[in-house]
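Novice: First to last, the protein sequences are chains A and B. Sequence positions in the first sequence follow this note's numbering and run 1 to 487. Sequence positions in the second sequence follow this note's numbering and run 1001 to 1487.
Everything labelled a hint here was simulated from the structure, so no lab data went into it. Worth double-checking, as some hints may not be accurate.
As the list claims (entries may be wrong) - Coverage of chain B stretches by chain A, computed from C-beta distances (three or more under 8 Å per stretch; other residues unrestricted):
(1) 1049-1061
(2) 1192-1199
(3) 1300-1311
(4) 1350-1360
(5) 1420-1433
(6) 1451-1463
(7) 1476-1482
What the hints assert, rightly or not - Some chain A residues flagged as far from chain B (calculated, every beta-carbon gap over 10 Å):
(8) Arg59
(9) Ser83
(10) Asn153
(11) Gln202
(12) Leu241
(13) Asn260
(14) Gln279
(15) Glu400
(16) Gly426
(17) Asp455
(18) Asn469
Unchecked claim - Straight-line distance between alpha carbons at most 20 Å, and here's what the computed EDC-like set of lysine to aspartate or glutamate pairs gives:
(19) Lys1432(B) - Asp1455(B)
(20) Lys1457(B) - Asp1243(B)
(21) Lys1160(B) - Glu216(A)
(22) Lys457(A) - Asp245(A)
(23) Lys130(A) - Glu116(A)
(24) Lys1110(B) - Glu191(A)
(25) Lys110(A) - Asp1213(B)
(26) Lys1255(B) - Asp1307(B)
(27) Lys1239(B) - Glu1116(B)
(28) Lys160(A) - Glu1142(B)
(29) Lys252(A) - Asp307(A)
(30) Lys1110(B) - Asp346(A)
(31) Lys147(A) - Glu1162(B)
(32) Lys63(A) - Asp1290(B)
(33) Lys1239(B) - Asp1455(B)
(34) Lys1239(B) - Asp1213(B)
(35) Lys44(A) - Glu76(A)
(36) Lys1147(B) - Glu162(A)
(37) Lys389(A) - Asp346(A)
(38) Lys1389(B) - Glu1408(B)
(39) Lys1110(B) - Asp213(A)
(40) Lys1044(B) - Glu1067(B)
The model shown is predicted, which means the values in this text are computed figures rather than measured ones. Note that the Cβ used here is the ideal one computed from N, Cα and C, for glycine as well.
Protein chains: 2
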Amino acid sequence: MSKNEFPSELFLPLLQEANVPRYIALFRALRQSIIEGKLIAGAKLPASRPLAQSLKLSRNTVKSAFELLLAEGYIETRRGSGSFVSDSVCVAGPTANVIQNRPVTKSSAKLSNLAERLNWQSHHKVPYAKYLLEPAIPALAEFPWIKWQRAVNYAGRVMKHEMESSGLGSLQLRVQIASYLQVVRGVNCHENNILVFSGSQQAIYLSLQLLLDPGESVFVEEPCYFGIDGAVNAIGANKILIDIDQQGFNLKEEKQHQANLAVVTPSRNYPLGTTLSLQRRIALLQWAKDSGSWIIEDDYDSEFRFDGPPLTSLQGLDSAQRVIYAGTFSRILHPSIRIGYLVLPDQLVQPFSCAKALMQGNVSILPQLALAQFMAAGHFSSHVRRMRKLYHGRRNLLQELVAQYLCEYLTLVPSDGGMHCVYLLGAGYSDKVICQRARALGVGIKNLSDYYSSDNKSQGIVIGFAGFNEQQQRRAIRALESIFSEY
Amino acid sequence: MSKNEFPSELFLPLLQEANVPRYIALFRALRQSIIEGKLIAGAKLPASRPLAQSLKLSRNTVKSAFELLLAEGYIETRRGSGSFVSDSVCVAGPTANVIQNRPVTKSSAKLSNLAERLNWQSHHKVPYAKYLLEPAIPALAEFPWIKWQRAVNYAGRVMKHEMESSGLGSLQLRVQIASYLQVVRGVNCHENNILVFSGSQQAIYLSLQLLLDPGESVFVEEPCYFGIDGAVNAIGANKILIDIDQQGFNLKEEKQHQANLAVVTPSRNYPLGTTLSLQRRIALLQWAKDSGSWIIEDDYDSEFRFDGPPLTSLQGLDSAQRVIYAGTFSRILHPSIRIGYLVLPDQLVQPFSCAKALMQGNVSILPQLALAQFMAAGHFSSHVRRMRKLYHGRRNLLQELVAQYLCEYLTLVPSDGGMHCVYLLGAGYSDKVICQRARALGVGIKNLSDYYSSDNKSQGIVIGFAGFNEQQQRRAIRALESIFSEY
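Extracted from the complex, chain A is given alone in its bound form:
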C-alpha cells in the first residue's frame, strides 16, 4: 500500500458502532487502521474538511477525532502540511483487531492454586426463592418494605454527615447491634468490638485467613454449611471433621491437640439443627482457654427458636476472649440487605480491621445507616418476633404435611427451631436422585449427603419452610409424594 493511498474499508466500522459518539467511532476506526498497519507510519491523513465531506460528518466531528489521535500519540501534525501517522506507533508491530469483540484465548488461563481450589464452588450460586422449599430463604413477602423504605430515605438524607473512618463500620449500626446482641443473644460486647461485613460468609472467610495458615488444621463440624467448608478449602487448610451427635459438636479428648481453631454452630448445627449441650459448651471453652485456641461461632438464625427463648451464645459464656462471634441479617431480615458482622476479642480488633480495609474494604455506609435506623425504630425486633411466630406455624404445617403424605419415606431429625427441617431417608433411596427429580418439579430441597465431607454420609433431605406459605408447601409436598411413590 503506498504511503498516501487512503483505504476506504477504514470506515466500515463506523457503521457498526452503535451508541457511541461519531467522533469516537471515527477515532477508533482510524486508530485501528493505524495499529493494524493499514495506515503505515508517516502516512498523511486527509485534511478535515474533505474527509468530513466524504464521510458526511460535521467537520468538528473529524477535528475532535484527530485531536484524540493526536492526544494519544497516533498522529503528529507538521505545521502547514497537516497530520501524519506518527513513527512511534509501529515499534511493536501490528496487533490485530483491537475494536472487534475479541476471541477468548483459553490457552494461557494461568490462575493461582487458590482459584483452582475454588472452581467447584460455582454450583452453590442458586438464585433466591426460585424453587419451592429451598432452605435458608426467609419469608420475603413478609418483609416490611414501607418501613425499610423510610429507613433508606433517612439514610440517604444523613449519609452526607457520615464519614466512615474507624474501619469498623457505621457507629450507629454497631451500637444497635451491640445492644441487640447483649439482650437477645447474651453476647458480651461493646460496639468497638464489632466489625461490619457485607454478610457473614466473608466475615468467616477473613477470620480463617487471619487465624489459619495454609496446611494448618481446623476443626469443622461434620456435617457443615457449604460456605464454611468452601472457605476452609479456599484457605488451603486441613479439615479435621468432628461428628455432630445429639449433644452437638463432639470434640473428643484424643483429638483436642490436633488443631488450634474450631468453627462451630452451637445454637443449631447447620444443617442438622442439633444444639450444643451446656456440658459440651463449657468443655469447648475450657479447651480453647487451656490451649490458647480460637473458636469461631457462626450464629446464623438462632433467633428462630420455637421451643423456648433463644439460647445464650457460646461467646456469652467465654471468660477468656477466645470466641469470634459471627452473625448476619441476610437470613433474619432479607438477603438483599447484605450485612453481617463479627464480634471480636479485643486483641483481634486492630488486625482484623486493618486486614478488612485492605482485602475487603469498608461496607457501603448507605445500607448500614438504613439498617441502624430500622433497628432504632424497633422494626427489626418486631419483625423478628413476627417471623418467629410465622415460621413456627410453617414448621408445624410442614411436619404435619410430611407426617400425612411422606411418613413412610421420611424420619424427622428433631430440632428446636430454625428455617428448615431435616428428614432422614429410608434405605434404598438416594437423596441426590430425589433432589434432582424434585428440582425438575420446581422443588428446591437439598440433599443431606452434600453437607458431609467424609464418605460416612447420611442420606436425607433438607426442607426449607420459612419462605413458603401453606399453598406452596402443599404443592411441593404433593410433588415429593409423586417422586417417592414412583421411585
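Given the coordinates of chain A, assemble chain B onto it according to the supplied hints.
Specialist: Below, chain B alone, put in the same frame as chain A:
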C-alpha cells in the same frame, strides 16, 4: 458454703446491669453464681415468690429468669420439690467472671502469617478530609446530595424487586458502567464482563489472590500506591520493582521473563502522575500476549485530565484479553459510596465471581441501584464535567501559590491532571520531617519517599488540591512556608 445457703452477693450485679431487662439481669446473676461455683451442683433455689419479694421484683420476672436457666440446662426442676442447680454444670470446673468485662489475654495471640504481614498497614487508615491538602480527597462539598438522595429513594423503592443472583452485581449498574467505560474510557466491555466490588482496593486484592501464588513474582511500579503494595505483600508475592520514567512503566527486555503479572496505572502513575506512552503501551500488551501474562490496569482518576480529553485505557488497546481493568467511584464521586468494579476477560468472569461470592460476598444492592439511577439520570457525567473544571482551577491555583511562596524549596513533577501534585524537595530536606510538621499544623500532605519500596527513594511531597478551596489552600501553603523557612 453449705448446699442450701443462698449467697446475697449474688444479686449485686443486678444493680450494675443497665439497659437490660430485669429477668435477663437476674438470669445472668444466677448463671454467673452457678458457673463460678457459688451455687454448687444440687443446690436448691428458693421458690419464685419469696425470691421475688426479697429482690423487689415481680414474680413473673423471677419465673422468666428460671425458665431461661432451665432452658439452658443450668437448673432442673424436680416435681413438687422445686428447682435445683443441675449436676451437669460443674463438669469442667468453674470458669471465672463470665459477665464482667473480660481481661485481654495478650498471651496466646496466635495469628496467621498473612495477619502478621498486614499489621504495618494500620497507619494508612486516615480519616477522610481531616487534614488540609490531603491527596485522594474529592471536593466533598460539591457532591450533589439532593440528586443523590433522589436516586437513593428510588433505590429504596425498587430494591424489593431486585434479587441479585448473577453474583456479578446489579445488572442496571453494570449496564451503566459498561456504556460509560466504552464511551469515555475506550474500554471494550459488555456488562457481563463487569464484576462490582465495594471499592477498587478489594477488586485488585481479589485479582492478585486469583492470579498469584505466594512466592510468585509480580511487576509493580516504583513508586506505587500503598494499597497495591499492601495487597501484594498480603498475598506474600515477590515484588519486582519497575521504575517509572518520563514515559511511565519501563519494563526492560531483560526483566520481561521474571514475572507473569504486572500491576500498572497507565493513565497516570500513582503518585507521580506520569502517563504511560503509546509505544510502551503497545510493547506491554505485546509482552502480555506473547508470554500469556496478565496485566492489572488500575484506572483510578483518569477522568480528571486537564490538558486534553481522557486517554483511552490500556484495556481498550488489548486484542488478546490479557488486561483486567479496575475502576472506582470513590474518588470521582464520593468515598462513602464505596463502589468499584473490574472489567474482566471472558475466561476470568466465572472464577472471579465464584471467588468473590465465597471470599467477599455480594455488594449490597442498595447503593448499586442508587448509583445506577444516578448515572442513568445523567448526574454522574455532569458531576464529572463540573469537577474536572473545578479541579483544573484548583490545580492551577495550587501551582501558582507554590510558585509564589515555595518555589525556592519545591520543583513540580509535570502531570496532565489528577487530584494532587507532586513536588520534589531540594537537597538537605527530609520529606518525612516536613510532612510530620505539616500534620502538626493540620496539613495532610504525604511524603513521596513513603511510596517507594527500594532504598532509591526520591524526596518530595504529594499535595492534594481537589478537595480544597482557595481559602484552605492559602492557609495550608502559608503553614508550609513557615515550616520550610524554619527548617
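Novice: Lys160(A) and Glu1142(B) were given as a pair; does the straight-line alpha-carbon distance stay at or below 20 Å?
Specialist: holds (11 Å)
Novice: Is the coverage entry for the region 1476-1482 of chain B by chain A consistent with the three-residue Cβ rule at 8 Å?
Specialist: Check failed, 0 qualifying residues.
Novice: At 10 Å, judged by beta carbons, does Asn469(A) keep clear of chain B as stated?
Specialist: holds (18 Å)
Novice: Sort out whether Asp213(A) lies within 20 Å of Lys1110(B), counting only the CA atoms.
Specialist: holds (11 Å)
Novice: Tell me if the straight-line CA distance from Lys389(A) to Asp346(A) falls inside 20 Å.
Specialist: violated (36 Å)
Novice: Three residues minimum, CB to CB under 8 Å: does the region 1451-1463 of chain B make the cut for coverage by chain A? Let me know.
Specialist: Violated, because only 0 residues of the region 1451-1463 of chain B bring their Cβ atoms closer than 8 Å to Cβ atoms of chain A.
Novice: In terms of Cβ atoms, is chain B entirely out of 10 Å range of Asn153(A)?
Specialist: At about 5 Å from chain B, Asn153(A) fails to clear the 10 Å cut-off, so the statement is violated.
Novice: Keeping to a limit of 20 Å between CA atoms, is the pair of Lys147(A) and Glu1162(B) held or broken?
Specialist: With a Cα-Cα distance of about 17 Å, the restraint between Lys147(A) and Glu1162(B) holds, given a limit of 20 Å.
Novice: Given the hinted pair Lys44(A) and Glu76(A), is their alpha-carbon gap at most 20 Å?
Specialist: holds (10 Å)
Novice: Taking 20 Å as the top limit, are the C-alpha atoms of Lys1389(B) and Glu1408(B) close enough?
Specialist: Answer violated: Lys1389(B) to Glu1408(B) is near 29 Å, above 20 Å.
Novice: Within 20 Å, alpha carbon to alpha carbon, are Lys1239(B) and Asp1455(B)?
Specialist: Holds. Lys1239(B) to Asp1455(B) sits at ~14 Å (cutoff 20 Å).
Novice: Quickly compare the C-alpha distance for Lys1110(B) and Asp346(A) to 20 Å and report which way the hint goes.
Specialist: Holds. Lys1110(B) to Asp346(A) sits at ~13 Å (cutoff 20 Å).
Of the numbered hints given earlier, the model fails hints 1, 5, 6, 7, 10, 11, 13, 14, 21, 23, 24, 26, 29, 32, 37, 38; all others are met.
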